[in-house]
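Asker: If you read the sequences in order, they're chains V and B. The numbering of the first sequence is our numbering, which starts it at 1 and goes up by one. The numbering of the second sequence is our numbering, which starts it at 136 and goes up by one.
Quick caveat, the hints were computed from the structure, so don't treat them as lab data. Some clues are possibly wrong.
Simulated crosslink set (DMTMM-like; lysine to aspartate or glutamate; CA at most 20 Å straight-line) [said to hold, decoys possible]:
| id | chain 1 | residue 1 | chain 2 | residue 2 |
| --- | --- | --- | --- | --- |
| 1 | V | K105 | B | D278 |
| 2 | B | K168 | V | E120 |
| 3 | V | K47 | B | D278 |
Covered stretches of chain B (chain V as the covering partner; in silico rule of three or more C-beta atoms under 8 Å from a C-beta of chain V) [claimed, not checked]:
| id | region |
| --- | --- |
| 4 | 157–169 |
| 5 | 182–191 |
| 6 | 345–353 |
| 7 | 359–372 |
Under 8 Å between C-beta atoms, here's a sample of chain B residues computed to sit facing chain V [to be verified]:
| id | residue |
| --- | --- |
| 8 | A176 |
| 9 | A177 |
| 10 | A386 |
Beta carbons: idealized from backbone N, C-alpha and C, even for Gly.
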Amino acid sequence: MADKLHFSLVSPARELFSGEVDHVIAPGTEGEFGVLVNHAPFMTTLKNGVVRVLEGDVVRYRFYVRGGFADVTPAGLTILAEEARNLSDANAQEIDVEIEAARIKLLELDAGDTKRAVLEHQISYLEGLRTALAN
Amino acid sequence: MPSLKDLKNRIGSVKSTQKITKAMQLVAAAKLKRAQDAATAARPYAERLAAVLANLAATTGQGGPKLLTGNGSDQTHLIVVMTAERGLAGGFNAYVAKLARQKIQQLQSEGKTVKVLTIGKKGREVLAREYSAQFAGHISLADVKSNNFTDAALSVGQMLTKGFENGEFDVATLIYSQFKNVLSQVPTAQQLIPATAPAGAPAIDLGGAQYIYEPSEEAILETLLPRYINTQILSAMLESSAGEQASRMTAMDNATRNAKDLIKALNLKYNRARQAQITKELIEIISGAEAL
């Protein structure tokens, strides 16, 4: 399989994607980057954003990821995301409900609670996801 | 010799106990399936993260972050003991507590200071008798629903990294029950801080090329290490929960079988006593008739 890139996307909860693809575009903290087969070994942290999986010139899958790492080795590309969702499965209304629920939770917490930062991250992730879905 | 009524009552009570243990076994079996699925689903992430860390750690020398290299001392040890929230799971909690006790005693005999952080109620109850003065904290798993341990693992992870940064301890070791299969759960001690790259992680063949790091190797390690520790805690929690259910299932299966044997023995006794009484009554009637 010299002309295909092995790509896998895993989150702590499960493996979302694993297979042979042509091209993956991912949101690195230093800027978006594309990976084709035979890419040089490369490792970067990711920011919230859309990971696009291309076959030929067509975008086949879009995943919205929250932070994590991308690791390119001769064996392929692995993305370890904190959280990831397939955009074609996501539902705008459900996300609105989740954002609302997270905001209510945030209001209930004390100012010094360590869980606040986690929730704020969660909310900004969901809002990004909502925007990505609208496009 | 117990009376017929006593025997009847005992058979009744053993029967209802058997019904309860049977129901608990079925519930545990259903929960085990779910817990096992959750543990399996989480495995790829943990494995990949371990591989990435092993890779990075191999190239970083001594100058790496403290979470990886340690802070140069190993005087104060934090033992994190992970057990279940509930009992009636055979020796599950006891085995973990036993290993924890051995570890604490061994460290203390070496003159180290030992602190204990407990996760799950049962371990705390057992260790409170001897080590309550050394308790550094407790995390409850009581409000964890449907194997969603992410939040719990995160709070343990944060507590550990913060405690380490504040110099509250030098080495943190997690003691939990590793899930081998349904019949065997192995109590395991695993060092969390300083983080150890997993032994036997496959080395990645770069074909002589150099890794490119963005933004930098140090920055990546810095974000990766806390996550690695969280992930280790998370997978330990998932394995522990699967192990708990498996252990409860086996224990309840044994209890149900015991109850069955007991009922059989009691029934035999009951029938013998009943027969003896009938014979006795017959003898009384016959000897009464003969006397006339």
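Asker: State whether the coverage of the region 182–191 of chain B by chain V holds or is violated, taking the criterion as 3 or more residues with Cβ-Cβ distances under 8 Å.
Answerer: holds (count 5)
Asker: Would you settle whether the hint for A177 of chain B is holds or violated, based on the nearest Cβ-Cβ distance to chain V being less than 8 Å?
Answerer: Holds, about 6 Å.
Asker: Given A386 of chain B as an interface hint, is the shortest Cβ-Cβ distance to chain V below 8 Å?
Answerer: Because about 30 Å separates A386 of chain B from the closest Cβ in chain V, which is outside the 8 Å limit, the hint is violated.
Asker: Holds or violated: K105 of chain V with D278 of chain B, Cα cutoff 20 Å?
Answerer: Between K105 of chain V and D278 of chain B the Cα gap is close to 16 Å, so the pair holds against 20 Å.
Asker: Count residues of the region 157–169 of chain B with a Cβ under 8 Å from any Cβ of chain V, then say if the count reaches three.
Answerer: violated (count 0)
Asker: Should the interface hint for A176 of chain B be scored as holding, given a Cβ-Cβ cut-off of 8 Å against chain V?
Answerer: holds, 4 Å
Asker: CA of K168 of chain B to CA of E120 of chain V, is that 20 Å or under?
Answerer: Given that 20 Å is the threshold and the Cα spacing comes to 34 Å, the pair is violated.
Asker: How about the region 345–353 of chain B: do at least three of its residues have a C-beta closer than 8 Å to a C-beta of chain V?
Answerer: holds (count 6)
Asker: Given the hinted pair K47 of chain V and D278 of chain B, is their Cα-Cα distance within 20 Å?
Answerer: At roughly 31 Å apart (the allowed maximum being 20 Å), D278 of chain B and K47 of chain V break the hint.
Asker: Would you say the region 359–372 of chain B counts as covered by chain V, given the rule of at least 3 residues with C-beta under 8 Å?
Answerer: With 4 residues in contact (Cβ-Cβ under 8 Å with chain V), the coverage given for the region 359–372 of chain B holds.
Hints 2, 3, 4 and 10 from the earlier list are contradicted by this structure; the remaining hints agree with it.
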